[in-house]
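Modelling step: build the complete structure from the supplied sequences, incorporating the hints.
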Amino acid sequence: MSRYSRTRADAPPVTRSGLLLGARLTWPMWPGVAIFSSALGALAAQKGFSLTELLVLHGAVYAGLSESVALSLWQDRWTLSAVAGVALVTMIVNMRMTLMGAALRPHLEGHPAPLTYAHLSLLTDANYLRFMLYAGQGGRDVGVLIGAGLALWILWVLAGIPGYYLGALIADPKRYGLDLVVPIYFVGLAVPMWRGSRDTRVMLAAATAALAANLAFGGYVHIVLGALAGMLVGALRGDD
Amino acid sequence: MTIEGPGATYLVIAAMALATYVTRIAGYWLMSHIPPSPRLRRAFDALPASIILSTLVPVAWHGGPAALAALAIAGAAMLVIRHEAVALIAGLLAAIAARAAGL
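Going line by line, the protein sequences match chains A and B. Quick note on numbering: the working numbering labels position 142 of the first sequence as 142, and the sequence is numbered without any gaps. Quick note on numbering: the working numbering labels position 86 of the second sequence as 1086, and the sequence is numbered without any gaps.
No wet-lab data here; the hints were simulated from the structure. Wrong hints could be hidden among the right ones.
What follows is a list of derived Cβ distance ranges for each label pair [to be verified]:
#1 Ala216(A) / Ile1089(B): 13 to 23 Å
#2 Thr15(A) / Ala1101(B): 45 to 55 Å
#3 Tyr176(A) / Pro1035(B): 46 to 56 Å
#4 Pro1065(B) / Ala9(A): 54 to 64 Å
#5 Ala1076(B) / Tyr176(A): 15 to 25 Å
#6 Thr52(A) / Ala1076(B): 42 to 52 Å
#7 Lys47(A) / Ala1100(B): 31 to 41 Å
#8 Pro1035(B) / Lys174(A): 44 to 54 Å
#9 Gly138(A) / Pro1035(B): 24 to 34 Å
Covered stretches of chain B, going by a simulated chain A footprint (3 or more residues, C-beta under 8 Å) [unchecked claim]:
#10 1003-1012
#11 1018-1027
#12 1031-1041
#13 1049-1059
#14 1065-1071
#15 1081-1090
Every residue, glycine too, gets a C-beta built ideally from N, C-alpha and C.
Set out below in structure tokens:
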């Protein structure tokens, strides 16, 4: 029995229009997602992947940062300990999604477990963050979360194909600022999330901890460490 | 013991897929065993902005003037116009201009 008090009868809806809205809300992300996916497709081709192997990788993992780290470590011959090592690195890079899944719990309360455990396989930064902005503005339709995740998943898988055959879609994505699409989009999401001085404290804590961790360790642990620092400050603040 | 060929590729992909799926569901699952509290609620309320800032700040730090200009202009555009796509396009144009100028 759930510890949250909501009953099944007023569980948040999952509607067709919510699914379509979620898919539509992701459009500013499409160029960045397509470029990233195709760049990984090109890298996978260099590493000797078949197209099917690439599509299975994109479809089953659907987490670009961890895929790019794994591809950069790719070998022709694997020991079982090397396989375990890649799985561990994958978990570390994707640890932030554990925090996101925990934070989603109250928004999914009352849904049947099979539905939730199925669509959590589509959980990624973009659909989580966009859904949280929608929820912060009063939205409850979980279709938005699922639709956004599904739309980006389809694009993610398909955009690997031109990358695999043609090399990355665009030879010099930096020239067109395409390496900055995701960070720029995130700025746009962050602005409406700022509602006052308590958000300033959270954002400063996350920014400081992430930068310090990035400068100290390199790699990708800074995202989860920054997120934890922000959550800590968020938890400690008074009920202002 | 070493393995190679397509079998090895699919084994590694399966290991990565399982590892990723576990990170996706673990937090949700764990929260069914932890009683909710106002403090926990505030912590999770802080998560979206924290993830965004944690992702952004190292990019801005390492990305040079073009990245800084792009992020600053996107933020300013969002503050004024409150439209994600407009902010994205303004930021992209700033990045293209800054890089074309050799920044």
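The hints, checked one at a time:
Take Ala216(A) and Ile1089(B): their Cβ atoms lie about 35 Å apart, and the range 13 to 23 Å is violated. Between Thr15(A) and Ala1101(B), the C-beta spacing of about 48 Å keeps the proposed range 45 to 55 Å intact. Between Tyr176(A) and Pro1035(B) the C-beta distance comes to about 49 Å, which sits within the given range of 46 to 56 Å. Roughly 55 Å separates the CB atoms of Pro1065(B) and Ala9(A), a value that falls within the hinted 54 to 64 Å.
The given range of 15 to 25 Å is respected by Ala1076(B) and Tyr176(A), whose C-beta atoms sit roughly 21 Å from each other. At about 46 Å, the CB distance of Thr52(A) to Ala1076(B) agrees with the hint of 42 to 52 Å. Remark: the range hint 31 to 41 Å for Lys47(A) to Ala1100(B) is upheld by a beta-carbon distance near 33 Å. Between Pro1035(B) and Lys174(A) the C-beta distance comes to about 48 Å, which sits within the given range of 44 to 54 Å.
Our hint of 24 to 34 Å for Gly138(A) and Pro1035(B) holds, since their Cβ atoms are close to 26 Å apart. For the segment 1003-1012 of chain B, the proposed coverage by chain A is satisfied: 8 residues have a C-beta within less than 8 Å of a C-beta in that chain, meeting the threshold of three. Residues of the segment 1018-1027 of chain B with a Cβ under 8 Å from some Cβ of chain A number 10, which satisfies the need for three, so the listed coverage holds. For the segment 1031-1041 of chain B, the stated coverage by chain A holds: 8 residues have a C-beta nearer than 8 Å to a C-beta of that chain, and at least 3 were required.
With 11 residues carrying a beta carbon less than 8 Å from a beta carbon of chain A, the segment 1049-1059 of chain B meets the three-residue requirement, and the given coverage holds. A count of 4 residues in the segment 1065-1071 of chain B with a Cβ less than 8 Å from any Cβ of chain A is obtained; the coverage claim is therefore met, three being the minimum. Counting residues of the segment 1081-1090 of chain B whose C-beta lies closer than 8 Å to any C-beta of chain A gives 5; at least three are required, and the coverage claim holds.
Comparing the model with each earlier hint shows a violation of hint 1 alone; every other hint is respected.
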